[in-house]
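Novice: Residue strings, one per chain:
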Amino acid sequence: MTAQLVEEAREGLRQFPPALGQEFETALEAALPVLEPDELDQWLRDGLDIARHSLRSWEAASEYFRASGPVLEQITYDRMREWCAVGIDLMETSPALSGALFRASPAVLPHLSVSQANDWSAQGKSLYKGTWKSGSLSAQYFDVSPQILPHLPLSQMRLLVDLIDSLASHSYELASACLGMAPGVLSQLDRTDRAPFLEFGGIVAHTAWVDARVYFERGPGALRQVSEDQRPRYLSLAGQVAMQVGRLGHPYFIEAAQALSEVDKDIHEGLLELSEQLAGHSGDAAMEFIKSSPRVAQRLGIDDIARWQEFGLNILQQSRDGGEAFFRLESARGEEVMEALSSRVDLDRVSELIRMYCKALTGVDVGVKASEELTAKGVGWVDESSPTTEGTTIYLPENVERYPTKDENFAVYKVFATHQAGRLEFGSFEYQSAINPELFPADQNGTRNGHGNGVAPAVVEGEEGEIHTDMELFFDQFDDRRLAHDLFTIVEDTRIDTIVKREYAGVRRAFSRLQQAAIERRRPVEDMPARQAMVENLLRASLDEIGRIRWPGELAEEMRAPLRILNRIRSEGATVQDSAAATALLYEWLSQIPNVELDTEDWSDFEQEMSGDPDSGEDSDMMPGSGSSGLEESFMPFMPGSEERPYDSPDPVDFRGDFKPELVQLLMKLKGETGSGDAPPIPLSKEQLQELLEKSVEISINELMDMDLAESSGMFLDNLLKEVNQIQGERQEGQQAMGDDSTGADDGEELPVEAASFYYDEWDFRAADYKPRWCRVQEQRGESGTSNYYTETLHEHTQLVQETRKQFEMLRPEMFRKMKRLTDGEDYDLDAVIEWYTEKIAGATSETKLFYRRNKVDRDVAVAFLLDVSASTDEEIQKHHDQRQDDQFDDDPRKYLSWWAQRRAEAARHPGKRIIDLEKEATVLLIEALETIGDKYGVYGFSGYGRDNVEFFVYKDMDEPFNDKIKERIDKIAPVRSTRMGPAIRHCIWKLQNTDAKVKILMLLSDGRPQDHGYGRDRTEKEYAIHDTKMALTEARREGMVPFALTVDRAGHDYLKQMCQDMAYEVVADIESLPRRLPALYRRLTG
Amino acid sequence: MTTATEPITEYRSWAVEEFRAEEEPYYVPVSDEVEVFEAAWNNKIPVLLKGPTGCGKTRFVEYMAYHLNRPLAVVRDGKAEVESESNLPLVTVACHEDLTASDLVGRYLLEGNETVWIDGPLTRAVKAGAICYLDEVVEARKDTTVLIHPLTDHRRILPVEKKSQLLQARDGFLLVISFNPGYQSALKDLKQSTRQRFVAVEFDYPPRETEAEIVQHEAECSYEVALNLAKMAEKIRNLREHGLAEGASTRLLIYAGRMIAAGVSPRRACQVSIVWPLTDDGEVQRSIEEVVSSIFED
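Taken in sequence, the protein lines are chains U and V.
In terms of our numbering, the first sequence is residues 2 to 1088.
In terms of our numbering, the second sequence is residues 10 to 307.
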């Protein structure tokens, strides 16, 4: 029976290709053992039915047979029949799909129940649209199902299918590629993320289908940057945004995820919540918010971010653009609010303030910079976060964020700066071996080792050219330089702190707070060996915290003496000489204290009886010498193993920062700043420096870099020499420039052919500081052409010239017009007198206002007129074409031709005007007007390339009379190169400073934003140039001048607003009106 | 023109040339300026006082006028009466840009049916033998120099153009002018031909302790406050030419001292009487305020 059935089936299959038969045989082998006869019958029948269904259905049958074996291993035949019924149904749609279904079945079955077969099949079927391409996509669906289903339940598979379906409507290739990637993509995702990932994918497919492939490729990676538990939330937010912003949705998704990776994962949740609030109003804002979060989070904690966001949200509700710019951090408001909310104080915001503050305190031109800049120089300073000074500049940490409010943090800066300024003001670096200390006179302090009073031996300027700083010679006296240096630091800082607190009562509180904080951080004294503990205690005492001194009670006397010495330095009038003397005394004492662990339990708070009067205590107590046969003896009982430990310096005190007097003196000496002012800088050979360095404990070269000593010290020397040379170089240049200045100021004479050079600083808004002598302005006469241009221009604008002249003449009479009818004045006004007299004779009473007065003698105005002659002024101006003209020819070619010929002839006679031409015309007209009114004026042009070559053309200098030469020069005004406004303005300021006038005006006429090579981080950066220009204009105002910016750039409003802020400016929208507008403006400015 | 019921006046008035200090003006000499001035006066050499605003130039002139004694002759109703030996009258003219020669010399005024000549302050000083102090003389119009020149050389003559007169200055007359080289531009300077007719006394802000003493006296505040103010001023003056056109004047310190003495908190007092008057530049203001807050605890 069975055999017969099989035989019949074989027979039936023979009409199909033999491959089918082979599959059948294989399947039969697997099926025979498990199927009952009637089941076998059914199975064979189904197979044959499938094969016979249609033309190529035998292939499906082949898959059916092949799958049968593996399937039957998993489920019973009954279930299999149910399963296969789904496939057979699919035959109606496409046998190929059916085949694909059968093919996938064995691998799919572990993941699906039989009852889900229908759903599974239906999803695949939904991709099939009756075309060949859709068929193959659908088949691909069945093919990849086994790899997808382990990652994705069938219910969620729908999402994928919808996504693919949506893509397929645009591109089958893309859909197929994505479907192919799906298993890999899904396997990279966490289980919970998969559905949201596909949901967002669906939106991407909808709004920006071309991004789908990128999404599949990069999406999982991007998503991994988001905190694990927030990923679904992020995806749904991205989806919400994408619905609003369309094509931008996907790039936002990637970029914002990138941004999130840069902030702490803990605040992702908070950020997303805030972003969700924004998404309701603007998708852009929501995403820009996240993108900005790394920068914002640097400044604000999450609570403050919420406040910042709330502020922005308010703006957003009023103005979408405003809000979006706010969150893009491109609005001043955004920065301001952030600044206001942040408790952090950034050095670049306050450096100018602190610089002036320090300048006020010290009276010298100190700079204020970030400590990093000093460490970067590699000249001996290594700590990037502590305040310090190298004698000319005060270095401070980049920001302070120690306390919860801005004021407190600023107070920290102030303490830092005040202490460093104190070192300069009160002479920490002015130690001179030749001066005797006053508080520690030599005779009182017997000298045992020859360094009792801190006076170094007289300076021996030994061999030729060999130099030593006094500080170096001082430290030379001590065997243990490190100990000496530590003691000197403590003593000197005590002195400075004391003076600062005495002199500047207002900073006392902040000072004490930092002192308190510093003391909290000290390591316990009890763990230290004896000498170290004593140094530590001295340091604590120096922080005004006698109460924090811990010391064995039995040895109290031994601690008391050094404290007394330290206390004496607090006396009024103490100098650095006294500090040195005190250091010597302390050294004497401490070097006798063995640096051993003390074996005592008797550590107790030290009782200080003499905190009040620094002079109490007899002088004899100060010295270890007299009588006490040796400190060591007192320590004997507490020294268990008497094992000497190496000495370690105490931890630094943060608000005092680094103190390197030896190095500072060396630098000053190298720079030739010490001694008599004019002494040439002393050249120092590398060998000498090397020797200096080896001695100096301050410069722990090992800290500098992880290299071998010789190499790193060599590098250090190079840096040091470089630093010194640079300063000397600048100084020489400075002298040269001064020389140039004098020639530049020479009037009357023609300028030499080669340009005179002037140097100007440039404002770096990032550093909030000037780059010193950054730009070289080359002043030169404008070339001469002919004066015809001038005359022609006047001729061309006859009407306008007359008008302008008339208007300016109206200004003029004011200065000579007498003010009449005054009760008092210079003299009688004859008319009034006659009138009065007649009236009097006639018996009428009349007023006796008979005087006149000339109120204004001079109209005292000087104007420097600065023309932008950059290359861009070469552009021709777009004429407004009158469209209607073309219609007037009625399709009559002859008319048109004659019009065209006429126009060409016109164009040949009058070539299109360029911006520069209008600038020139305007200049001519203004000159005419100015000559009428008699104001002093100069006409200049500027251009150039790079900071070394700012060309400054003089067309007419302030004090030059107007003549044909000037007219000839105006003819030759021509476009040159770039636009570096700052230095040109500064040069103009200089010109105006040297001109005598009550009202000084600086008028800047440009055709676009400032721009030059190296004027900003790169060519596209605009901020830098604008800030510098703004600063230059502000400088003009500080000099009492009236800066006025005029531009013919229609887009001028955006940057002029920033550049000029509260200064006057104007955008001349219709450029051709410039020749008319300029004189009018000038009149308004000075009228 | 006095009527029987003359109202009780609450102010006092003098003829210009009769004004003289009754009490000794408070002045603390910083250097030998008193001796120099006295020598100049004795030798009829005009004096030029140079120095920043509010450093005590005017007070110095008052002080000198008080101390330079001479027999005082008052011209009254055409008769000269020798009253007593008294201090010098002082005629002070604050110069401004509209000040003309006739403002100084005098002019005709209408009175009833006639014109009356009224002497200007300079003329009065010349006649009375007073010290005439032209404050900030560079501000005046250029035609005033025409008057100054003949008065300041050996002639000691004042031409009164409108009356076609020449006036020879009486003994005791001394022309003193002041100017502040700082706040005008280098070009708005006294002309050499004018400058070189004077001996010049240079003033600067007094040293810290002296200034404290002055502030204490004038402001009637404690010495401690005065010393702090002086210290602060010293710091602020370090900013001259670096954001500030001029340092804080002693006068401002005195104002601040008075405010403090009147109970205004020190920081606030400094803000209103020093920081804000000094500059409008926000950044400079803050810098100065930081200096203030470093020195004064509130």
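To be clear, the hints were calculated from the coordinates, so they are not data collected in a lab.
Warning: the hint list may mix true and false statements.
Claimed, not checked - The list that follows gives simulated cross-link-like pairs (lysine to aspartate or glutamate, EDC-like), each with its CA atoms no further than 20 Å apart:
#: 1; chain 1: U; residue 1: Lys821; chain 2: V; residue 2: Glu120
#: 2; chain 1: U; residue 1: Lys841; chain 2: V; residue 2: Glu120
#: 3; chain 1: U; residue 1: Lys841; chain 2: V; residue 2: Glu306
#: 4; chain 1: V; residue 1: Lys171; chain 2: U; residue 2: Asp652
#: 5; chain 1: U; residue 1: Lys999; chain 2: V; residue 2: Glu233
#: 6; chain 1: U; residue 1: Lys999; chain 2: V; residue 2: Glu123
#: 7; chain 1: U; residue 1: Lys502; chain 2: V; residue 2: Glu233
What the hints assert, rightly or not - Here are some chain V residues pointing at chain U (derived, C-beta under 10 Å):
#: 8; residue: Lys172
#: 9; residue: Leu175
#: 10; residue: Arg179
#: 11; residue: Glu292
#: 12; residue: Arg295
#: 13; residue: Ser296
#: 14; residue: Val300
#: 15; residue: Ser302
#: 16; residue: Ile304
#: 17; residue: Asp307
Note that the structure is predicted; figures quoted are calculated from it, not measured.
Where is the CB? At the ideal position from N, CA and C, for every residue including glycine.
Novice: I'd like to know which numbered hints this structure contradicts. Please list them from smallest to largest.
Specialist: Hint check: 3, 4, 5, 6, 8, 9, 10 fail, others pass.
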